[in-house]
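Let the hints inform the model, and build the full structure from the sequences given.
Residue numbers (full-length UniProt numbering), protein chains in the order written: chain A, 1 to 331; chain B, 1 to 331.
Take these hints with a grain of salt, some might be off.
If chains are identical, the list can't say which one is meant, so a pair holds when it fits in one copy or spans any two.
[Said to hold, decoys possible] The calculated DSSO-like cross-link candidates involving lysine-lysine, where the alpha carbons are at most 30 angstroms apart (straight line), are:
no.: 1; residue 1: K301; residue 2: K331
no.: 2; residue 1: K301; residue 2: K221
no.: 3; residue 1: K23; residue 2: K301
no.: 4; residue 1: K318; residue 2: K280
no.: 5; residue 1: K110; residue 2: K69
no.: 6; residue 1: K153; residue 2: K301
Hint data in this document are derived by calculation from the structure and do not stem from the laboratory.
There are 2 protein chains.
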Amino acid sequence: MGWQEWVAGAEKVFQISNMSRQKRVIMAVIIFGSFIYIVLTQAVHILGGAPGEPVHPEIRKFCSSASRKNVNIEYEDSNLPVIYVVTPTYRRPEMVAELTRLGQTLTMVKRIHWIVAEDSHTCSPPITSLLDRLGLSYTHLASPMPEVYRREKYVPRGVSNRRAALQWVQENGEDTGVLYFLDDDNAIDIRLFNEMRLTQTVSMWPVGLIGEYTVSSPVVKGNQVVGFYDGWPAGRKFQVDMAGFAVNIGYLKKQKKVTMPYIAGHEEDGFLKSLNLNLKDIEVKADGCTNILVWHTRTAKNPSRTLRLAHHQATNIKPLTDNMRKMGMIK
Amino acid sequence: MGWQEWVAGAEKVFQISNMSRQKRVIMAVIIFGSFIYIVLTQAVHILGGAPGEPVHPEIRKFCSSASRKNVNIEYEDSNLPVIYVVTPTYRRPEMVAELTRLGQTLTMVKRIHWIVAEDSHTCSPPITSLLDRLGLSYTHLASPMPEVYRREKYVPRGVSNRRAALQWVQENGEDTGVLYFLDDDNAIDIRLFNEMRLTQTVSMWPVGLIGEYTVSSPVVKGNQVVGFYDGWPAGRKFQVDMAGFAVNIGYLKKQKKVTMPYIAGHEEDGFLKSLNLNLKDIEVKADGCTNILVWHTRTAKNPSRTLRLAHHQATNIKPLTDNMRKMGMIK
Chain A
1 MGWQEWVAGA
11 EKVFQISNMS
21 RQKRVIMAVI
31 IFGSFIYIVL
41 TQAVHILGGA
51 PGEPVHPEIR
61 KFCSSASRKN
71 VNIEYEDSNL
81 PVIYVVTPTY
91 RRPEMVAELT
101 RLGQTLTMVK
111 RIHWIVAEDS
121 HTCSPPITSL
131 LDRLGLSYTH
141 LASPMPEVYR
151 REKYVPRGVS
161 NRRAALQWVQ
171 ENGEDTGVLY
181 FLDDDNAIDI
191 RLFNEMRLTQ
201 TVSMWPVGLI
211 GEYTVSSPVV
221 KGNQVVGFYD
231 GWPAGRKFQV
241 DMAGFAVNIG
251 YLKKQKKVTM
261 PYIAGHEEDG
271 FLKSLNLNLK
281 DIEVKADGCT
291 NILVWHTRTA
301 KNPSRTLRLA
311 HHQATNIKPL
321 TDNMRKMGMI
331 K
Chain B
1 MGWQEWVAGA
11 EKVFQISNMS
21 RQKRVIMAVI
31 IFGSFIYIVL
41 TQAVHILGGA
51 PGEPVHPEIR
61 KFCSSASRKN
71 VNIEYEDSNL
81 PVIYVVTPTY
91 RRPEMVAELT
101 RLGQTLTMVK
111 RIHWIVAEDS
121 HTCSPPITSL
131 LDRLGLSYTH
141 LASPMPEVYR
151 REKYVPRGVS
161 NRRAALQWVQ
171 ENGEDTGVLY
181 FLDDDNAIDI
191 RLFNEMRLTQ
201 TVSMWPVGLI
211 GEYTVSSPVV
221 KGNQVVGFYD
231 GWPAGRKFQV
241 DMAGFAVNIG
251 YLKKQKKVTM
261 PYIAGHEEDG
271 FLKSLNLNLK
281 DIEVKADGCT
291 NILVWHTRTA
301 KNPSRTLRLA
311 HHQATNIKPL
321 TDNMRKMGMI
331 K
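Next up, the structure:
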């Protein structure tokens, strides 16, 4: 059946020629509107426009990587699963201080691979030096937040760079390993790494210093997660903080469409939903979720200043402030 | 000469009996006033009333101490000078998180003795457990701020407990060792410990993330300290942050009256002045004071809440929040 026959058939069924002009206009509007609607939704779907999915391609820059034995650990059992710690960061006066503090802590952990992912177009040289100096296995990435999200009321910080790290882990991570998101200003008791290391699907534990309840934790009955104790439900299925769970890489790779949405406050929930996770699959850690081994500490912000140094050209203050500028401490 | 002869002599000199009643009253007021003034100032001096010195005796409680080889360090050269790190702290939601983070970092440093001094009448059990678990050499003290200072406009926080630690170091520290003050929320690059270890008098370096200039640093010319680059001069001779210097213990013990005043913002200056220090004696570290190896980071405060838990008696949330109460995270 050609399109002319199809039109003739439609003419017969709807008796278009007998219709009033008004009815014809309404019908045309309905048909044209439906057509536009279908085109637009399909376009959004094709371009990745599910809630929180980016419409434009994201910029991802791989800077450097080292796969090596942690130089600070005397003996590393190569049968031990690797923990891939993902730390998103961005240029600000506290960046080098935070990453130095956290990176040094990670050198005490066996079989770790630290992925530092900057919200930036390029990798910062002081961070490259730090990663090289610490002697850890590491990967250094950069992925800037798409401009469109900077204009939102609640800005989804740290998503583009976590997504870049997620892609790296999916492509390079060992199946026996574990993925863990740890922010640069968090505080962690290194015993938590022992808790998460043998995760088979997704494991969870409490995170201290969160919101209204001063903690965010799974509610556990008979070693099963039955809900969440968190001051901000916000319609979330998984009311957890980013530092409150780890994911087995083999399990991660088996999922069809792993993602993290660009929706502030719903990054964790969106990510865990994309893993097709059920409450009953969650592995309970930290002594039945009764101990706190990680805290959502936040470091007070310092303004990024421009310093006037006319009177300090002949002393140490000139090279000192040059170093500070490289570290992003001043403009 | 008896007092009667003395009065007669005074009568003769001043011709008191010839004076008008008015003159006699004025003279009596002057003499009595001078007498009261001398008594009061002497009393303040006798009771320790120099500026910033406490009028009442301070409460100091020694809780526990362990002198041992750092269990995390494979080989410790016992000829290496010990670094005595003094960390004042106080009960608040972030306390255990901060001390866990800092304490773990210190386990990476050779020949270190950590003095945790609480602003409190008693030592907190979670801190005792932490110190025992870390495997460091340590001393745990408690010394509450005298009540009178809590009512001041600018409260001199962390003085009573630093003074208690200072006394402990003067009585127990090895002469070859070094004293260093490091707050629980500071961030430190552990290479700084190598810089300070061989200090002979007082050594100094820049501290990042301080005040108007984003740094506080000695100004160095020809490897000599000639002044300070600090946004808050405030009439201080030594414009430095508490984390910006280390002191040789032998040098400390040789000084007559080592003290730290209860004057907010002038603790460092008062302490260094009491060491009879001159600018020319200061040892310049951190590559001529051009590198930043310690930052005055500050952790955002969380409110200390009372949680209602009527609905959570049968799950993990009860023991979890009991633990949080012990850690000082909630009331």
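Task: Hints that the structure is at odds with (numbers, increasing) - done: 2, 3
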